[in-house]
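Use the sequences and the hints to build the structure in full.
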Amino acid sequence: MLTFMTFFPLIGVALILLLKPFNRESDELIKRIATGTSIVTFILSLVVLGMYNRADPGLQLVGRAVWIDVLNIQYYMAVDGLSILMVLLTTLISMLATAGSWTGIEHQVKQYFVFMLLLEAGMLGVFLAQDLFLFYIFWEFTLVPMYFLIGIWGGARRVYASIKFFLYTMAGSLLMLLAILYMGLSNDTFAVPELVAGRSAFAAAQNWLFLGFAIAFAIKVPLFPFHSWLPDAHTEAPTAGSIILAGVLLKMGTYGFMRFNLPLFPEASVTFAPTIAVLAIIGIIYGAIVSFAQTDVKRLVAYSSVSHLGFVMLGIFSLNNLGLQGAILQGVNHGLSTGALFYLVGVIYEKRHTREMSDFGGIWRAMPIFSALTLIITLSSMGLPGLNGFVGEFTILMGSMGSEALGPYPWIYTAFATSGVILAAIYLLWMFQRVFMGPLDNPENQALRDVNWGQLAIILSFLVFIVWIGIAPSGYFALMDETVAALVRSIGSAVVAMP
Numbered sequence: 001m002l003t004f005m006t007f008f009p010l011i012g013v014a015l016i017l018l019l020k021p022f023n024r025e026s027d028e029l030i031k032r033i034a035t036g037t038s039i040v041t042f043i044l045s046l047v048v049l050g051m052y053n054r055a056d057p058g059l060q061l062v063g064r065a066v067w068i069d070v071l072n073i074q075y076y077m078a079v080d081g082l083s084i085l086m087v088l089l090t091t092l093i094s095m096l097a098t099a100g101s102w103t104g105i106e107h108q109v110k111q112y113f114v115f116m117l118l119l120e121a122g123m124l125g126v127f128l129a130q131d132l133f134l135f136y137i138f139w140e141f142t143l144v145p146m147y148f149l150i151g152i153w154g155g156a157r158r159v160y161a162s163i164k165f166f167l168y169t170m171a172g173s174l175l176m177l178l179a180i181l182y183m184g185l186s187n188d189t190f191a192v193p194e195l196v197a198g199r200s201a202f203a204a205a206q207n208w209l210f211l212g213f214a215i216a217f218a219i220k221v222p223l224f225p226f227h228s229w230l231p232d233a234h235t236e237a238p239t240a241g242s243i244i245l246a247g248v249l250l251k252m253g254t255y256g257f258m259r260f261n262l263p264l265f266p267e268a269s270v271t272f273a274p275t276i277a278v279l280a281i282i283g284i285i286y287g288a289i290v291s292f293a294q295t296d297v298k299r300l301v302a303y304s305s306v307s308h309l310g311f312v313m314l315g316i317f318s319l320n321n322l323g324l325q326g327a328i329l330q331g332v333n334h335g336l337s338t339g340a341l342f343y344l345v346g347v348i349y350e351k352r353h354t355r356e357m358s359d360f361g362g363i364w365r366a367m368p369i370f371s372a373l374t375l376i377i378t379l380s381s382m383g384l385p386g387l388n389g390f391v392g393e394f395t396i397l398m399g400s401m402g403s404e405a406l407g408p409y410p411w412i413y414t415a416f417a418t419s420g421v422i423l424a425a426i427y428l429l430w431m432f433q434r435v436f437m438g439p440l441d442n443p444e445n446q447a448l449r450d451v452n453w454g455q456l457a458i459i460l461s462f463l464v465f466i467v468w469i470g471i472a473p474s475g476y477f478a479l480m481d482e483t484v485a486a487l488v489r490s491i492g493s494a495v496v497a498m499p
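Letter by letter, the sequence shown follows residues 1 to 499 in this note's numbering.
The set of hints was computed from the structure by calculation and includes no laboratory data.
Nothing here was measured: the structure is a model prediction, and the numbers come from that model.
Everything hinted at is true.
Subject to a maximum C-alpha distance of 16 Å in a straight line, what follows is the list of computed EDC-like cross-link-like pairs (lysine to aspartate or glutamate):
#1 K110 with E28
#2 K31 with E106
#3 K351 with E106
#4 K351 with E444
What follows is the structure, given as structure tokens:
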């Protein structure tokens with residue numbers, strides 16, 4: 001079932017490639033095929049959710065076969081509490097991003113939707129692969145579609161942004177590849193469960209191996225100071241590219257820390273936890289301060305990702321149940337709220353062809369429905385109680401407050417991280433005030449029309465989950481609870497051994 005879901009987007013790719021390009025009728029059909037394929041893939045992920053047993057902490061729906069016998073490399077796919085929400089997020093965000101591209105893409109339509117579907121397949125593979133070699137192939141594969149999405153359909157500096165994105169991620173991945181090869185050859189297997197069971201074989205080198213994985217994942221998150229590629233990539237990417245980049249691709253980094261670094265290198269995770277927590281807090285505060293200085297709405301939202309993902313990293317390296325569960329849920333929350341913000345910026349950009357805040361003002365009067373929905377999503381991003389962002393951030397702060405891994409005074413980390421919540425309220429409300437409030441005195445803004453039914457459906461799709469998680473998050477926590485508890489138990493001895 002997991003294999004069918006992962007590779008189903010390739011059926012859409014094959015159908016699109018069979019069509020003749022360069023006429024309006026075929027472009028319309030391409031959009032229908034791509035959107036339909038992403039909808040079916042989302043439905044398949046709901047089927048997977050229905051088959052998932054939340055009481056089982058282990059790997060489920062396992063698909064396993066020998067792939068490269070001489071190196072004992074396997075095709076090994078499975079899902080558990082660490083990945084089930086990431087799979088659902090991937091299919092949801094991909095579906096909404098594909099549907100949101102219907103009016104925004106006018107040239108090379110065929111190639112665009114092919115890359116969108118290929119990217120979805122690659123992202124699903126990253127979250128489901130349980131063999132390190134297979135994981136690395138999916139991980140690297142996702143670079144290619146996103147590189148072309150930014151480089152061909154991006155903004156004025158798209159080539160610079162796409163090359164920077166590709167080089168940063170590729171450079172970090174090479175260190176991870178060396179670590180993978182060392183571990184696989186030491187244990188005669190690349191399967192993650194077997195490597196976890198036999199981690200004593202590479203225990204002496206685990207600090208170096210931890211760093212090999214950590215640098216690759218830190219670049220993807222991105223964790224300060226590896227973040228400089230992100231604002232350019234977000235700003236220059238097409239709207240759907242920004243949605244997927246914020247909604248899913250950045251979560252590949254946080255997922256990698258939880259899937260590989262924590263269980264494979266528990267002692268090293270404890271050793272490096274305070275350092276990574278400090279970097280996370282620097283990212284929280286730095287991202288918020290730099291966001292406040294932006295004049296481009298899209299660039300402000302891009303820098304806010306550096307701040308919000310800092311919370312996720314703090315939760316992961318709290319190394320306890322609350323921290324890890326909060327990190328997973330906050331990853332989902334960030335994907336929904338920031339993905340929605342990027343979509344909203346894309347909608348207004350299509351109408352006005354500018355993202356400078358100084359060009360707006362008084363938009364609420366011209367687009368009341370759009371403005372009201374934007375306000376709710378903005379409040380969710382800043383962590384207003386009753387919406388999704390509050391649940392994730394509060395759980396992370398509670399986890400960091402009680403973390404043994406962060407030393408005798410974990411409340412210091414929590415206190416500094418809390419300042420990020422205050423700063424988020426400042427820069428997000430400041431942005432909303434400049435764009436939507438005030439007099440409507442610009443003739444170009446007076447001519448704006450409110451969202452159409454298609455745009456409204458996409459925005460409401462984001463809002464359903466934003467409100468649902470904010471009001472009733474227990475069902476989401478239940479999906480990951482047993483797996484997270486088992487992971488914390490597996491690294492508990494290392495935490496207790498800390499002086």
